[in-house]
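**Student:** Protein chains in written order, with our numbering: chain A, 78 to 198; chain B, 30 to 961; chain C, 9 to 132; chain D, -17 to 142; chain E, 10 to 98; chain F, 259 to 761.
Do not take every clue at face value.
[As the list claims (entries may be wrong)] Under the rule of at most 30 Å between Cα atoms (straight-line distance), these lysine-lysine pairs were calculated in the BS3-like manner:
id: 1; chain 1: F; residue 1: 284; chain 2: F; residue 2: 411
id: 2; chain 1: D; residue 1: 36; chain 2: C; residue 2: 105
id: 3; chain 1: B; residue 1: 705; chain 2: F; residue 2: 411
id: 4; chain 1: B; residue 1: 871; chain 2: D; residue 2: 108
id: 5; chain 1: B; residue 1: 708; chain 2: C; residue 2: 71
id: 6; chain 1: B; residue 1: 138; chain 2: F; residue 2: 711
These are calculated hints, taken from the structure and not from any lab test. Just so it is clear, the structure is predicted and the values come from calculations on it, not from any experiment.
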Amino acid sequence: MEGIYAFCVGLLTACGIFLTLRGRSFSVVIGLTLLSYAVNLFLFASGRLKLNSAVVLGQSEQYSDPLPQALVLTAIVIGFAMTAFAVILAMRARADLGNDHVDGNLPAQPNEASNRSGGNQ
Amino acid sequence: MSSLIWLPFLPLLGTLIPLLTARFSRTTCAFMTAALPALTLFLILSNAGDIFQGERFQAAIPWIPAIGLELAFRLDGLALLFSILILGIGLLVILYARYYLSAQDSIGKFYAYLILFMFAMLGVVLSDNLIQLWFFWELTSISSFLLISFWGHKADARKGARMALTITGAGGLALLAGLLILGNTVGSFSLQDILDSGPFIKDSANYPVIVVLILLGAFTKSAQFPFHFWLPNAMAAPTPVSAYLHSATMVKAGIFLMARFYPALADTDLWFLIVTLTGLATFLMGAYIALFQHDLKGLLANSTISHLGLITLLLGMGTDLAAVAAVFHIINHAIFKASLFMAAGIIDHESGSRDMRQLNGLWKYMPYTATLAMVASASMAGVPLMNGFLSKEMFFTETLHQASLGSLSWLIPVLATLGGIFAVAYSMRFIHDVFFNGEPINLPKTPHEPPRYMRVPVEILVALCLLVGIFPGFMVGDLLFAAASATLNTQAPSYSLAIWHGFNFPLLMSVIAIIGGLVMYQNRSHLFKFQAQFPKSDPKLVFEGVIQSIASKAGRIIAFTENSSLQRYIFFTLGLAAVMTASSLLKLNATAGQRPEIPVDALSITGAVLLSISALATVLWHRRRVVALITLSVVGLIVSLAFAQFSAPDLALTQLSVEVVTVILLILALFFLPQKTPKESSPRRVVRDLSLASLIGGVIGTICYALMTRPLDTISTFFTENSKTGGGGTNVVNVILVDFRGFDTLGEITVLGIAALGIYKLISRMRLFMPSTDGNGLAWSEDRHPILLAVISQSLLPLALLVSAYIFLRGHNMPGGGFIAGLITSVAIIQQYVAHGVDWIKTRIKLDYQIMIGSGISIATLSGLGSWAFGHTFLSSWFDYFYLPLIGKFELASAMIFDLGVFLTVVGATMLILANLGQLTTSERPIQKEHD
Amino acid sequence: MPLYLEIIICISLLIGAVFLLIGSYGLIRLPDIYMRLHSPTKASTLGITGVLVASMIFQSHLKGSFSVQELLITLFLLITAPVAANMIAKTALHYRKKPLERTQNQELMETIRDREEPQKPSES
Amino acid sequence: MLFPMPFHSLLLFTVWLLLNNSISAGHIVLAVFFAITIPWLVSGMRDEHPKILKPWLAIRYVLMVMKDILTANVEVALLIIGPIKKLNPGFVAVPINIDSDLGITLLASTVSLTPGTVSAEVSKDKSWLYVHALHLDNEEELILSIKQRYEMPIKEIFGC
Amino acid sequence: MLNITIIIVAAFICIALILNLWRLLKGPTTSDRILALDTMYINAIALILLYGIHASSVLYFEAALLIAMLGFVSTAALCKYLLRGDIIE
Amino acid sequence: MQHLSIFPILIPLLFGAIMLLPPFSKDIASQRVCSVVGTLFLLVSSAVLLFEINISGVQVYALGGWQAPFGISLIADKVSSLLVLLTSFLAFSVILYAIGGKDKGGAYFHPLFMFQIMGINGAFLTGDIFNLFVFFEVLLIASYALLIHAGGKQKTQATLHYVILNLVGSSLFLFGLGILYGTLGTLNMADMAIKVGQLEGETATLAKTGALLLLVVFGLKAAMLPMHFWLPKTYASASAPVAALFAIMTKVGIYSIFRVYTVIFGENAGELANIATPWLWPLALLTIAIGSIGVLASPSLKVLSANLVIVSSGSLLACAAINSEAATSAALYYMVHSTLASAGLFLLADMMARQRGKAEDRFVHSRPFVQPRLLGFAFAISALALVGMPPLSGFVGKVMILQATQSSLQTMWVWPLILLGSLAALITFSRAGTTLFWRHNGSVAAEAEPAKKTEIMSVALLLLASPILVLFGGDITEFTQEAASYLHDIQSSAYALLPGVTP
Ligand code: NA
Ligand code: NA
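One chain only, chain A, in its complex shape (with noise of 0.2 Å):
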């Protein structure tokens, strides 16, 4: 179980990671969610995996590690805080800028006919 859950830790940030990188700011606000999640799965994972034993007590027979959990929901909402700050950001910076890329100005653009319309209807 571990192996696939760090190779879904791993996928994740990978993910992440690429998206972030990418020049728009909407892909990068989506891997910085992704990077999150990656994060807390990770944070969640370094009181290792236990099944059958949330950490309430009388309820199971044997606890899992209570505090990464408390360490992660706090994460959780502190991610949540800065991801909302960075998508308001993110508007403000095309409404000011005119353009939705994280420099604020368009590459040159070689060929427009790369842009095809990717028809998501």
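Assemble the complex: chain A is given as a structure, and chains B, C, D, E and F with the ligands must be docked to it using the hints.
**Tutor:** Positioned in the frame of chain A, the structure of chains B, C, D, E and F with the ligands alone reads:
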């Protein structure tokens, strides 16, 4: 002499006087300004007798021992000599400047700078501590900068001052390094210790470094080749400044430094080689260039360089007598050069020009001044009966005794004579070209004699030229001896100060110099023609050019590195992290540890597959934003399920609710952002990013696995053991949050509150582009508030609030708590916003979310403060069980108040963000009439 | 746990699972978005009810008291599922998603999309 | 007024006890507390809705719908796994005659939950309910059954 | 018996979830994806409740309840976005 | 006064929260009073705290009454209380400036300012590494919000970069924390310091990766190369009081490096002893170099100030790399000096920019100043302090750093860089000063805004600190020396803080 500690500070006090007295008459100002330096001079002179007897005054009090700095002064012969020059000539300059400066110039500011500089110089020469010496050394650089740039509105003054500051400042840094190494080598920063450790220093491995660094300081300050070029450009300063800085003080500081460290550093081959060669080169070059200057002050400036070279050369020779000669020339040069500068200033002041091509035949207009100038330049030329002659004779004598250059040693006296020839020639030019040589050409003013008292300083100095020249022993004998002894740190050797030593070789050299000089001046036109062939380069422009090219190169480097590309910045940051972690991970032999693993089941595999595929899908489709959002939601859902599976119900709940709020937020944002992302990353960039991402992902995954498969001893048993008894709750995670680590939670809700405030700030001035169609040009639906959604949302609200209350109340003992409850409430309210719109809500509820945040944080904090009343630390919890008839046993805990604060902050923050974000559009967007 | 309880639990679990699976299967199988809408709205709702009943019985047994919390989940789902379906249908209509070829009264779709009254009211 | 929304208060009271699986005195007190405070809190956030005039009819209606949900679900499940070729989907416009939004919503929801139909839209003038049927045999029959089986009772319950 | 049933049921739900994901990835329309996500929420509820039975634990109910409540909100918001762009107007 | 050590956190927190509530929430005048009173309280209590610590030694404040290592403890020792006092003094001075009118142009300036102070003080005081993360986030989010204060395109753009980079940083921080908890099983820094010494083999290797991740995070905050890129634009675009307050932000990163890599991964960390040093060395030196190049390239006073911050970060990192008591002492002194001096320069730059019309603070010729003498004097003071020339505090700090090098190899690298850095600053400042004050055309600009009394007072306070640091340099360096030796002594910085634990 107990006053020695505060003596140098007397002039410093004086810097305020001119600023305060400037509003009175200029004369008053000048006299008041002069008072303290005069007093200082008097106090110092009153001790001269003792010093002539060979005594040395020292005083020190500790200051900053950590850097070896103490407030330490010494008054010995050398210091006495320099103090007299600094203060004496300083006083004359004060008098002179009173007349020189025009009414527009702020005389108060000028005097203030001058006194500051005087203080700094005095500090340098009186210092008995290396660091303190450097301290004052730098002060001279700074205050001379102020003086040189006194006419800062002129470009020349600015550039000249900058150049002087840059060169001397750079030298100062080298000096600091040298002094620090010197002090560390000896183990003391006390000057006396250094002077007493000469042999030790010269034997030490650090000696070459020390010598080079200290000499760099000295050479830059004393305008030695190749650092000489700043000095002529410092002539942009008012002439009193030049008279002061370039005769007795600033440039002499470098000489002083060499003299001061003479016992510690001199008399080695290295010293000889560097110092004599530099001195010789400077001596010749200065003299040569001086001849070709058309600017009166330019001539004097280059002559100064030359004379400084001469003194340096003497100090480099390493014989005691050479040192004596050097000290003597220091005195003489100060006297005649100060008077010459002042004379040049008078000429400039009264004729409006310093250009020797315009200045001709001034004898007729200012014979008195001319006479003074002629005496002084005679001294500069080394004409007998003048003081300059005496020290030059000693110099020539010493050059003859040099053997250090081996078979080439004869070069030194020859070159010295050559320098002498040039000196005579430029002195001649100074006299003849200005006072005779026809009629003035196009002078702005008709020249005339200066005011009476403007001449006084010149008269005094010229008188000194003669007096010292004729009665050297009487005038400066004791002083010279004391200063020379102090320089040598031992009794000076015997020498004769007689005017006449009989016909000897040095005399011959003098004669050759004088005759040669006259001949050379006579035939100057050939020389000028020869010189005119060389391209002229203005060192100022060259220097500015160099500085500017350095700045622009720096600019290019910065523009290249800080290219404003966030992608690059992130890449570097993550790259460093990857390199650091990966490199240390290489040492991990086995990834898996000893801890038994949980067996894999199909459910988990399904979860992993769902998670992986949706994460990958998010990446693949990140340019189709809505789709990415949906796949992201799946990832969030699976993560929550994972938390639930691995025994963290609280985490699952929190993750779920945060997830929903985040998605709503992202959807809100999506409306204002482009619907799709263009494909703009080059394949190379994609490969690069993919590699980095996989590397870090791999590293993190590996570490995660390695951690999970190793046993761990944690502090957590304490929490499970004390949760119920100490924290009053059975949900240990919640008890950690509100009690054991409640401080974290307080910080966390503060973060949330601040984020909301910040977002409010972001929103409040946002001007948004609102698309009227979707990404493909399809107009939006006209149904603003679908009826089913509206009605159902209304019915859900009370239920949601009830659930929220349920989650809140049970949090302490079962999964739940204030945070999750807060999010549920927020989501329920947001749901109303989605279903009904802002306008509808606005008329119906009047919640001030900002107040909610404020009171939430306040309540949480105050609940923690309550414990102070009982003498406990902040956030100490309190709980008890109560029994009420009918209701039964129930628990009350301070943690619940804390949790209430959390709840309020969460609701306030989320709503402040979302409601305001929603509100953004309502005012501008045309409201369609609802059909009813 | 008494056998009869176990049997009941197992049966309701299985029923639930089957319907859940059918619901999700329909999502794959049905040819257009309008038809697919039916499958989770109905089958999955029933499926989840099965699981909820099982859970309810099981938890009641576990706690030793009557546990009906799960009814609340059912309540929520019953309330929200039609709205979700309605909203999704609206989006599909809004984007003029073509239904299956043989869908009857296709001409109504544009009317529905614009929330107008039907041009020629059905022959009622 | 202590109970601005008596139905909701009752619901909240019940749900609280349901959530806590308890009818202890403490929970009853809390349940009453929430039954009073929550409606009071949200009362501002509501449009006026018609009152339930015939509660018994309402209960009967709920039970009937539940039964229909069961049967409908089985039917739909069979349709889903059966041959798709046999399915005849279609849109249907159902004329409705209910004044209140709540009533329309209830009707639409019921339609969605019961036999192979999903409420797709309500017309602007709220006099038509558009329905998508998974298998449309007989259009009139469907309209009639919706109107009789569901619309009628709803109108009666709310008296409109 | 219960254990075997749980395994079977879990397998069913897993398959259901995979099918949902399939639809979610395949689309073809965003509406389909939202529908798939919504269905996924329902299956997740079932899974959690099942897990509660399996673990004989009462701690999972809230998670199920929350998914039921919140899943709808995000479905509604996504649909509203597709319809109007602006979800809070 | 057993609660004294939490005052520096609680005072700004409460004042910040109260300013969100009526009657303060809608009225800037009362918020200003509130802020001044709050920061004054803070200043006084921090001073008293420092005084007490100096007399009676380190204070451990167990929050919630839960003893270390189980609960969160605040550690008020000489190091942290010095930096808290520094922050409080800075806060007080900056708020004086802000109430001159810079607090307008957006909501919530005062509460956010307070929260930012709370975050910084919390980061200095906490003895728990996760709590450190929390306070980092508090100060970061407040800084994000303050950065955009008064709006403008540049601000938005710079903030976006700053925010995203720091979000990445926070993720790395949590990864690092996860690793450290996963290997050490504790969060209290003193406890970690003790447990680290017992790690061996593969667990030690794992812990090392965590420690290095934290180094990246702290390095990002401290503007360590190659993570310094964000700083110049961010600082230069920030509104003046915010930029001035930011002068301490990099120091939080530096402080954390000292705390973590001296106490936890210091001499006594067994296999993990001094793990940061090999990385810190090159990066610190390169940071000084790139900062100095930036100094030379600076086109305006604000950018110059920002680049000077990078140079000072580099110098401080070099101290961390030297890793000795003398170096730590030098760093502490230098931190105080450079924070106040650069804050003063940021404020000054703003005062000057407001009087120069369109030229603002760029080094181009412009209209003359309304208050040339005042500004000139202040400029000279801050220039001297920042270049590191006598008689101001810069030279003391510089000499202390130079004196702290321990081997000739270190000397060979550190000395030239630091001295050349000073030269770069000297060149730039002399160019800047002569241009700003003497290259004029036209008359005073019509829109020129003379500096207000409170603003002058604020800058005066900040700049006055510099000569005072020299004048009382003996006592101050003695204090920093003691503080440094505390930090390097595992007995007092770890064992003594844990009840019942002995080496
Ligand atoms: Na002439
Ligand atoms: Na809106």
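**Student:** With reference to the structure, classify each hint as holding or not holding.
**Tutor:** Hints and how they fare:
1. 284/F with 411/F: holds, 27 Å
2. 36/D with 105/C: violated, 42 Å
3. 705/B with 411/F: holds, 23 Å
4. 871/B with 108/D: Distance of about 26 Å is within 30 Å: holds.
5. 708/B with 71/C: Cα-Cα ~57 Å, so violated.
6. 138/B with 711/F: Roughly 24 Å between the alpha carbons, so the hint for residue 138/B and residue 711/F holds.
Comparing the model with each earlier hint shows violations of hints 2, 5; every other hint is respected.
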